[in-house]
Structure formats: C-alpha cells, structure tokens
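Order-wise, the sequence lines are chains S and D. When you line the first sequence up against our numbering, it's residues 8 to 357, in that order. When you line the second sequence up against our numbering, it's residues 4 to 393, in that order.
If you are wondering where the hints come from, they were derived from the structure by calculation, not from laboratory data. Warning: the hint list may mix true and false statements.
In the DMTMM-like style, the derived pairs of lysine to aspartate or glutamate whose C-alpha atoms are separated by at most 25 angstroms in a straight line are [claimed, not checked]: (1) 310(D) with 244(S); (2) 310(D) with 235(S); (3) 36(D) with 172(D); (4) 170(S) with 322(D); (5) 310(D) with 220(S); (6) 131(S) with 214(D); (7) 312(D) with 98(S); (8) 312(D) with 149(S); (9) 310(D) with 265(S); (10) 310(D) with 38(S); (11) 312(D) with 220(S).
Stretch-level coverage of chain D by chain S, calculated; a stretch enters the list once three of its residues show a Cβ under 8 angstroms from a Cβ in chain S [stated by the list, open to error]: (12) 214-223; (13) 302-308.
Just so we're clear, the structure is a prediction, and the values are computed from it rather than from any experiment. The beta-carbon is built from N, C-alpha and C at its ideal position, and this holds for glycine as well.
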Amino acid sequence: MEVRDANVRFSMSRGQAWVLNDVDLDIYREEILAVVGESGSGKSMFASALLDAVEDPGQLSGDVTYYPQESEQVNTEEITSFDAASDDSVEILNLSQNELNAVRWEEIAMVFQGAMSSFNPTMKIEGHFKETIRAHDAVMSERMQHVRDLFDALHLDYDRVMKAYPHELSGGMKQRALIALALVLEPDVLVMDEPTAALDLLMQRSIIAMLRELRDAFDLTIVFITHDLPLVAGLADRIGVMYSFEFIEIGPTQPLLEDAAHPYTRALLRSVPSIDSDIDEMQTIEGSSPDPVNIPTGCSYHPRCPLADDRCEIEDPELVQVEGEHEVACFYYEQSANEIQYTLHGGVDE
Amino acid sequence: MSADADAADEADIDEEEESSEEDAKLLDIDDLKVHFDPGGQIRSWLTDTKVRAVDGVSLDMDEHDIIALVGESGSGKTTLGKSAVGLQKPTDGSIEYRGHDIWETKANPRHSEIEFSEIRRSMQIIHQDPSTALNSSRRVRSILSDPLKKWRPELGPDDRMETITRFLEYVDMTPAEDYADRYPHQLSGGEQQRVTLGRALLMNPDVILADEAVSALDVSLRVEMMDLMLELQDIFNTSYLFISHDLANARYLTKHADGEIAIMYLGNIVEIGPPDEVLTDPSHPYTEVLRWAAPPIEPEAAQRAIKEKPPVRRIDIPDPADPPSGCKFHTRCPEAREACADQEPELYDTGGEARAACFRTLDDHEYWDSTELEGQDEIGFSSTNPEDSS
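Just chain S, with the same shape it has in the complex (with noise of 0.2 angstroms):
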C-alpha cells in the first residue's frame, strides 16, 4: 500500500484543523507496522484515512493506493474504476461508496479500540458473522470453516463463543472475536486502532503474540497503532512514530529503538515506564502536545525539544535518511543521541 500527500483537515470555528499533514508512507506487504504517538498526534485518523473512513466535516485529499497480492483476482466487477496506467492497483480515494463497501473487508478489514460497543448486544456473535458473509456475498460453509481456524489460532471455544451474547464474553474473548469477525473474509491488511487499550496486560501481551501466529497462518500485513511503546517492540518489523500530524521518525524496529534518531523519540523512550527500567533515569517530556489548530512553525516540536534553534522555527524537516531504511525528520538527529540519553532494559531472564 502506498501513501502520498494524505491531508485531513477540520474546519472549526477556531479556524481550520489540520490533522494529517502531508503524510507519504509505503506498507509493505505481510509486514506489522507499528503507528506510535500521543494522544492527538493523528495515528488514529492516519488508520481511518487508509480506509477512506474519515467522518464528516473532515476532508481527506491526496492518494491511498492499494496493491492487490498478484496470484488474486480482485472481483473486477465490483471494482470498475480501476486505474488505466497500473492494471491492478486500487486507488482508495476514488472508489464510489459500493465499491469501497467491497473493498472494505474484503480486502482491508479494520479492528476499532472499543470492542464492547462494536457488536450488537441483541445478536448472537455467530449472527454477526453470518451477517458479515451474507452481506459480502461469500460462501457460507466455506467461510464459516474458516472461522473455525480462526477461533483455532485465537484460543476461543468455537461452539461456546458463536452461541454466546456479546454481554456474556470477557473483553478478552469479545475483542479475539472482533479479530476473527474482521479476518472473516480473508483481508490482505488489518488495520488495527488500540485494539487492546481496553484489557488487561496480560491479555494484551496474549493477543499481541497470537497476532504474531495469525500474521504467518494467515499471511496478512497489519497495521498496529498504539500509544504503548513498549508493547510492539516485540511484534513490529517497522515502527513509525508520530508526533503532531506527521510521521518524524520510520525504521526498523531494531534500530528505531536502540539508536532514536529523533528527539522526541528518544524523550518517549525516557519516559515510559518498563518492568526493567531504572526509575531514576526516567523524565518526563516537558511542555504538552501541539493544538492541531494552531501548530508551531517549522519543526513543530520545536518549543519542546533541547536540540532547536532558529532553523528549527522557521524551516520545517523533511524526513532524512539516517542508515537503511531508517529515516527522521530533524535537522539535528546527529546530536539527539548526546543531548538526550536513555538506555533500553530488555533482560527478562536475569
């Protein structure tokens, strides 16, 4: 999947909102992209933009362009509006609303933070998904064995989960049983936002390592966004952080973390409480995140960040390379690393 150029705006009666600013960004195939910020840093509204679901006043412009796997046929009479020059690429943003319909589930499912409220409490969780087949056309029996596979890789007792009201369910099993309802018709992406903000840490950590298992049985590419840190750093193969609409640092997993190129990655590293951490290390980031109506100019961490200067006031960063596929928006990122320190503390076995 391919981003370029996505802007959502608000008109307010404070003036216009902007909450994504020229986002570009590449996701790649079966790979677990983790989407890391604050609250109000527009990792949610980045997730409804992939789906062209941004809810009214807002306006999305720019592409999302959509890749379908090659050995599938996309059902290209539902899908008319297909793009001349690239035979099978999907452009997210000019698909009418039954195509979309289409395309949503089918080939982009997403999973929202509030599992509770996403089912009906009058149905039957089987009637969700025999709603969700019927309504995409799909065959029945072949579709319900794969729910079956998938209760299987979710660790939920099929028989017991599909007779079950939501009301009756764990927020655990009622949030699998979402996974599964979004997996139903076999996506290419699952978009997930906070999907387990809500549970506990040990079914978060439970989901989060069966998401691993579902990614490899099932090929899927995921788009993982959260607030928690700490949480994908076992599961992302990609972590971009956002900060203030736009994405100021993306890499691998691996160096993202251990080597920060942005400051305020490297602030966040500080502050977040881990089992391992040494608690007086820790600090806090100063200040509090921009108003999307009224961002800093230039660099808009700027007034928080111990590296900036005038530059930094006026101009604002592009996204750099740093090593690899490593990039970050900052004009110092060569001088965060001695300004702001932190260590990593990962031994679980000592």
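Position chain D relative to chain S; hints supplied.
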C-alpha cells in the same frame, strides 16, 4: 516554599484529637470478605451461589505508605479498594481506621468516638476516567469549591478562591486563575486527572484510593502523574492505595516511595512484599505470569519474549462466581499438583520480606509428594482446543 506550612495548616483541623491514637494502624483490614448475589432478585432466590469478589484479605496500611494492588480484571482489586475506604459494605471481616471499625461507626454513631463523616473525609478516591469524574457543565472553580464549602465552611468566598488557586498550583496547573475558569472539556486528560487529584487533596485525606488513576493516560504522561502523586505525598503526608493492572506502574510508584506490591487473584492476595523482591524473585507462579505480561522494550529481548509462551495453562480467568477448588490458581498454574486442587494455601513467609500463598514456598508440604495434575499438556497455550492439534 511555604507548602509544608500550608499543609500543616490544613492538617490541624483534626490532628489534635487523633494524637492519642497514633499507635493504631492507619488502616487495618482483617479477613475481609465481600460477596455479591448474582443477577436480579429472582435469580438470587433460586441459587445459593455468590460471587466472592473479595474472599478473606488482611492488609495493613501505615501513614505515608503506598500499597499497589495488582491483578487482572475480575481479581477483586477494585472491590477491595472500595471496601477499604468505606464505600462498599463488607460481608464479613473488619476494616479499622486508626482503631475505629468503619462500619461499626456508621451503624452505631452514638457509641463511637469518631464521626463517620470524619472517616469518610479522610479517605478520598481518584477514579480511572477523569472525564466522567468531573461534572462536565461546571467550571474547575466550582468543582473544587464544593468540598471546601462542606468541610471548611468558615472560609469566605475570597479565602476559598485563594485555597483553590493554591491547590491548582500544587498540581502544577498554572496559571491557576486561567485553569479555574475552564470547563473539564477544555482540559487535556492529564490535566483533568490532576484536577481530580487536587480535589481529593483538598480534603486533606489520610488515604487516597487511586483506582487505575494513570491507566487512562498516555504512556508518556503516566510517569509525570506518578511523580506528582509522589511529590504531593510528601507535602500532604497521605497514603496511597494504588490499584493497577500494570506492574510497571506499580513498580515505579512503590519503588520510589518504599511501598509494597500486593498481587491479587480471584479475591485473594497471593503475594505481597517490597517491589524488588516480588518482581525479581517472584514466589507465586501467578506473579510470574504478570511479570511475563510486562514487555521489555529492548528489541531483541522483546523479540524473544514474544515467542515465549505465557506461563499459564489457560489464558482466560475462571468465572469468579464459580471459582476453582483449593488454590484458585491451580487451573491455570503450570506448577499445579493434586494437592493444589484440594487445599487452599495461606500467605506463607518466603524467606525474604515477601509473603506468598503457594505451597511451593514450604519445603515440607505434601505438595512435593503429590502427583502433577493430569491433562496439563492438553490445555496448554497453543492448544486450548483439543481439535487444534492438527
């Protein structure tokens, strides 16, 4: 800074009469049980089963103390917390505040030396979700002036405003005049939570129950909030009963303040002790499970950790209305043997300062001679469902 003087000023409202009771524990919980009837009236007539949310917990709390209760949802940590501050009537057992039984005081106000409202005042609570804990249609100023009107009626409007300003400054909300005029929705989540902390401290409480007080905040704001709680603990000399499902937060707070971590499972405390001991050398298998659930951030270790199976045999917690026999953890415990299904362990000394409710801490227990529970491998993590073996 005149903070200490101010705090002392707040404190002397009630300190005099209590000085004679200094030797009594601030909070002494003894064999506390809280049971709930399931469902509605009719269902509770038809069945004898009770949900045993808290099932025999004893806990002491000193002044200027921090105890972190850690457990999964359904472990009874919130119910225990609410009972401890006198919000939930226990089914059995007692809670004493400075030597006075809380519920006895409430039931027989004439025979007690201390008023129930006095106990209530000295125990405050901070909830998980600050946006619902603050009245959305009132300004911060009026939200904070209510408790003052009730408990410090001698203050005039100007004094009241001055106190509010001072407390907003305590919780780092400056300029205080500006924040006092805002409505809750004009504050960020972290600021809202600081208002609730300020509101709790206005009462000059002895104990603050912080029920998942930092869980709703962004990861990057949690340390800031906990630092503030620690700073204010020194100024106001309060104790915290900190409820969390996150060991990393519990560790941060208790380690800084020399407190204790108590691990709860299905209504019982299964391990309690100083954070270093409980976390680096857990004696109870359940503590190890929670330890596994707190991920390391170092990428290589994290990669390894994610491939490790959780040290439990089932990932879902059993129904609290129908808890397992014997040791309640035995259905999920990887170390469980026959003896665990029959007998219920108490909290035993582990050799260090911690205590744990597991037979494995006793060298001469019959556990060591009993056979391992059958079917252990069948219900392992990778195959909750027997059909999955293919």
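So, going through the hints one by one against the coordinates:
1. With a CA separation close to 14 angstroms, the supplied pair residue 310(D) and residue 244(S) stays within the 25 angstroms bound.
2. This hinted pair checks out: residue 310(D) and residue 235(S) have alpha carbons roughly 19 angstroms apart, not beyond 25 angstroms.
3. Straight-line distance between C-alpha atoms of residue 36(D) and residue 172(D) comes to about 40 angstroms, which puts the hinted pair past the 25 angstroms bound.
4. Restraint check: the Cα-Cα separation between residue 170(S) and residue 322(D) comes to about 18 angstroms, which is no more than 25 angstroms; the hinted pair holds.
5. Under the criterion of a C-alpha separation no larger than 25 angstroms, the hint pairing residue 310(D) with residue 220(S) is consistent with the structure, at around 9 angstroms.
6. For the proposed pair residue 131(S) and residue 214(D), the alpha carbon gap of about 33 angstroms is over 25 angstroms, so the pair is violated.
7. Our distance criterion of 25 angstroms between C-alpha atoms is broken by residue 312(D) and residue 98(S), whose separation comes to about 41 angstroms.
8. For the proposed pair residue 312(D) and residue 149(S), the alpha carbon gap of about 31 angstroms is over 25 angstroms, so the pair is violated.
9. Straight-line distance between C-alpha atoms of residue 310(D) and residue 265(S) comes to about 20 angstroms, which keeps the hinted pair within the 25 angstroms bound.
10. Distance check on the hinted pair: residue 310(D) and residue 38(S) sit about 17 angstroms apart at the alpha-carbon level, within 25 angstroms; holds.
11. The straight-line distance between the Cα atoms of residue 312(D) and residue 220(S) is roughly 12 angstroms, inside the 25 angstroms bound, and the hint therefore holds.
12. Residues of the stretch 214-223 of chain D lying with their CB closer than 8 angstroms to a CB of chain S number 3, which satisfies the three-residue condition for coverage.
13. Figure legend: the stretch 302-308 of chain D, annotated as covered by chain S; annotation consistent (7 residues with Cβ-Cβ distances under 8 angstroms, at least 3 required).
The structure fails hints 3, 6, 7, 8 (numbered hints given earlier, in ascending order).
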